[in-house]
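Colleague: Model the placement of chain E on the given structure of chain Y, informed by the hints.
First to last, the protein sequences are chains Y and E.
When the count follows the numbering used here, it moves up by one through the first sequence with no breaks and lands on 390 for the last residue.
When the count follows the numbering used here, it moves up by one through the second sequence with no breaks and lands on 145 for the last residue.
Since the hints were derived computationally from the structure, they do not count as laboratory data.
The C-beta atom is built at its ideal place from N, Cα and C for all residues, glycine as well.
Be careful, since some hints might not be right.
What follows is a set of in silico ranges between Cβ atoms, one per label pair, in the way DEER data are often shown [unchecked claim]:
#, chain 1, residue 1, chain 2, residue 2, range
1, E, S35, Y, R379, 51 to 61 Å
2, E, N8, Y, G307, 17 to 27 Å
3, Y, G144, E, L134, 49 to 59 Å
4, E, D27, Y, Q298, 24 to 34 Å
5, E, R44, Y, D290, 17 to 27 Å
6, Y, G20, E, P98, 18 to 28 Å
7, E, S35, Y, R90, 19 to 29 Å
8, Y, S297, E, F9, 25 to 35 Å
9, Y, Y184, E, N8, 42 to 52 Å
Think about it this way: if two alpha-carbon atoms lie no more than 25 Å apart in a straight line, the pair counts; the simulated PhoX-like pairs of lysine-lysine are [stated by the list, open to error]:
#, chain 1, residue 1, chain 2, residue 2
10, E, K58, Y, K306
11, Y, K306, E, K38
12, Y, K259, E, K140
13, E, K140, Y, K310
14, Y, K229, Y, K16
15, E, K132, Y, K245
16, Y, K306, E, K132
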Amino acid sequence: MAITAKIDVGDQGLLVSLESFFRSILQLEDISAILVPQRLPTKNIIMPMLVTDPSYLNNTDPIAPCFPMNTAKLVSRLTRKPICGKIVAVLRPCEIRAFVELVKLNQGRADEVVLIGMDCLGAYGNRDYFQFAGDDVNKSTTRFLESTLSKNGSQVDGFELAQACKACERPIPYGADVLIGLLGIDYRDHVMVQSRSPSGEDIIGRLELDAMKEPPARKGAIEALVAGRIAFRDKMFAETAEDTDSLEKLAILFANCVNCYNCRIACPVCYCRECVFVTDVFDHYPSQYLEWSRRKGAIKMPTDTLFYHITRLAHMSTACVGCGQCSNACPNDIPVMELFRTISERTQKAFDYEAGRSIHEHPPLSEFREEEFADVEGIN
Amino acid sequence: MENFEPTIIAFVCNWCTYTAADLAGTSRLSYPKNVRLIRVMCSGMVDPQYVIKAFLEGADGVLVSGCHPGDCHYINGNYKARRRIKLLKEILPHFGFERERLRLTWIGASDGVVFSETMRDLTAQVKVLGPSQAKLTMVI
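The shape of chain Y in the complex, shown without the other chains (with noise of 0.2 Å):
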C-alpha cells in the first residue's frame, strides 16, 4: 500500500520544512548520506551535495530554477559499485529518468539508491539563473515558488524557463521511490510526500508522518500543467522539423558548431568513456582535409559537426529523456535539445519505447524480435 503523508510548513517556509525532512531521512540508520541540491557555503550557487552529517544539510534547495547539470552522471557515478549501505538522492525528474537509462546501460545500479522526486517547475537556463538569482539565492527561489504555482506562469521577473522545462511533459516524478508533490497542493501550509516503491514506504512508513489524502485538485492542476507543455512542445517539434528538413538546412543549425563536444558530456546518457569522435579515427592525415577540400572546393573547417550530430542522434537517441543539458552547455546557443528531442520522440516511437519509463524495459538498440519491422527489409 502506497503512503500519502504530508510535510508541515508553516511560519519556516517550505525550504526549511524540506530541509528538516531530508534530515529526518538522513537520521535513519540505515541512510548513509543523501545528495541534494544545496547552496554552497562558499558562493551563491546551487549544486548537488552529498551530505553525511545531518548538521551539514542546510541551505537546501531543490526548488530553485538552477540546473547547472543533469545529477544522474553523479549518481551513477556514486552507485557503479556496491557501497555497502543506503544513499537517497534528490532529483528531478528528467534525472530520475535518465538514471533508470543508465542503470539499465549498466551504468549505475538502483538496489542501493532511493531516489526522491519533486514536482518540477523548471529551470532557467545558466546564464539566466546567475541573473535572476543574484545575490539573494534564497528570495529568489521564494520568488519563483510564488510566482509559479499561484499565478501558473513560467516568466518571473521577465525571466524565462528553459526551453527544455518549457516542452516538458513529464514533470511529476513518477519513476522515484518517494515523490513530494506541490502541484495542487496548500504549499504554504504542507506539501504531500508519496511513496511510490517498497523502499520508498519503508523510509515514510519510518518518519511518523501524518496520513494525508491526496487532495481532488491535484490532477487537474497536473492535466492543466501538462497540456501546457504539450502544446509547446509539439510546436517546437514542428518548427524545428521545418528548419532541418535538408541538409543544408541543418548545416545552417548547426553552423557555428565549433566540435566543443560539450553537449555529448552535458548529455547524462552519453556514457561511452571514450567517444569515437575523440579517438584516431577522427585524428585525419593533414592530406585528407586537403581532398575533401578539393572535392569541393572548400569545406566548412573544423570538419565532421554533421557527422558527429546525427552520429550522435543515431548513438543515444533512443535514450534521451529531454533534460535539455545540451542545449545549456552549449557556448554558442545552438538549439541543440530541440533538434534531439524532435528526433528522439520518433525514435522512441519506432520502438514502442520511453527513455526513463520503466526499468525493465530492456534499450531497443539492446534486443530483437524474430519477426519485426518486415517493412525495412528488400529493395521493393
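Modeller: Just chain E now, kept in the frame of chain Y:
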C-alpha cells in the same frame, strides 16, 4: 541528369552476401559498377555511423546486406542490423534523405543470381531518385 551514375555503398557480410557476390563472379554474372562493396564480418557490426558517413561523403544509396534471418554466422547479428536500419530510417528521412536510399537485404551464400539481380534493381532505383543532396551541398 540523363547520364547520372549513382554511387552505392554496400556493406556486405562475409558469410552470406559477400560469398554470394563471389559466387556471382565465378558464375560470370555481372552487376553494375555503381555498387562498391565493403566486406564486413557481419551485418550486425555495421554501426549507424558507417551509414551516416557514407551518405555525408556523397553516397547516393547505401545497402546493408547479410544472411537470412536465422542463418547468421554469429547467431543474431542480422537481427541487430535490422533494428539499426529501422533506427536510421527514422532519422535520415528527417534530414531530407529519401527512405529508399537506405536498404537492407538478406542474400544467402548460394544466391549468386539473386545478388546480381538485386544490385541491378537497386542501381536502377537509385538512378531514378537522382543524386543525393550531400553531393550537391558543402558538408563534411
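Colleague: Indicate, hint by hint, whether the structure satisfies it.
Modeller: For each hint, the structure was consulted:
1. E:S35 - Y:R379: 51 to 61 Å: This hint is violated: roughly 38 Å between Cβ atoms.
2. E:N8 - Y:G307: 17 to 27 Å: holds (22 Å)
3. Y:G144 - E:L134: 49 to 59 Å: Given range 49 to 59 Å: holds, Cβ gap about 57 Å.
4. E:D27 - Y:Q298: 24 to 34 Å: Given a distance of about 31 Å, which is inside 24 to 34 Å, the answer is holds.
5. E:R44 - Y:D290: 17 to 27 Å: holds (22 Å)
6. Y:G20 - E:P98: 18 to 28 Å: violated (57 Å)
7. E:S35 - Y:R90: 19 to 29 Å: violated (55 Å)
8. Y:S297 - E:F9: 25 to 35 Å: About 29 Å separates the Cβ atoms of S297 (chain Y) and F9 (chain E), which means 25 to 35 Å holds.
9. Y:Y184 - E:N8: 42 to 52 Å: violated (59 Å)
10. E:K58 - Y:K306: Distance of about 16 Å is within 25 Å: holds.
11. Y:K306 - E:K38: At roughly 23 Å apart (the allowed maximum being 25 Å), K38 (chain E) and K306 (chain Y) satisfy the hint.
12. Y:K259 - E:K140: The hint holds at about 15 Å.
13. E:K140 - Y:K310: holds (15 Å)
14. Y:K229 - Y:K16: holds (17 Å)
15. E:K132 - Y:K245: violated (36 Å)
16. Y:K306 - E:K132: holds (22 Å)
Hint compliance for this structure: hints 1, 6, 7, 9, 15 are not met, and every other hint is.
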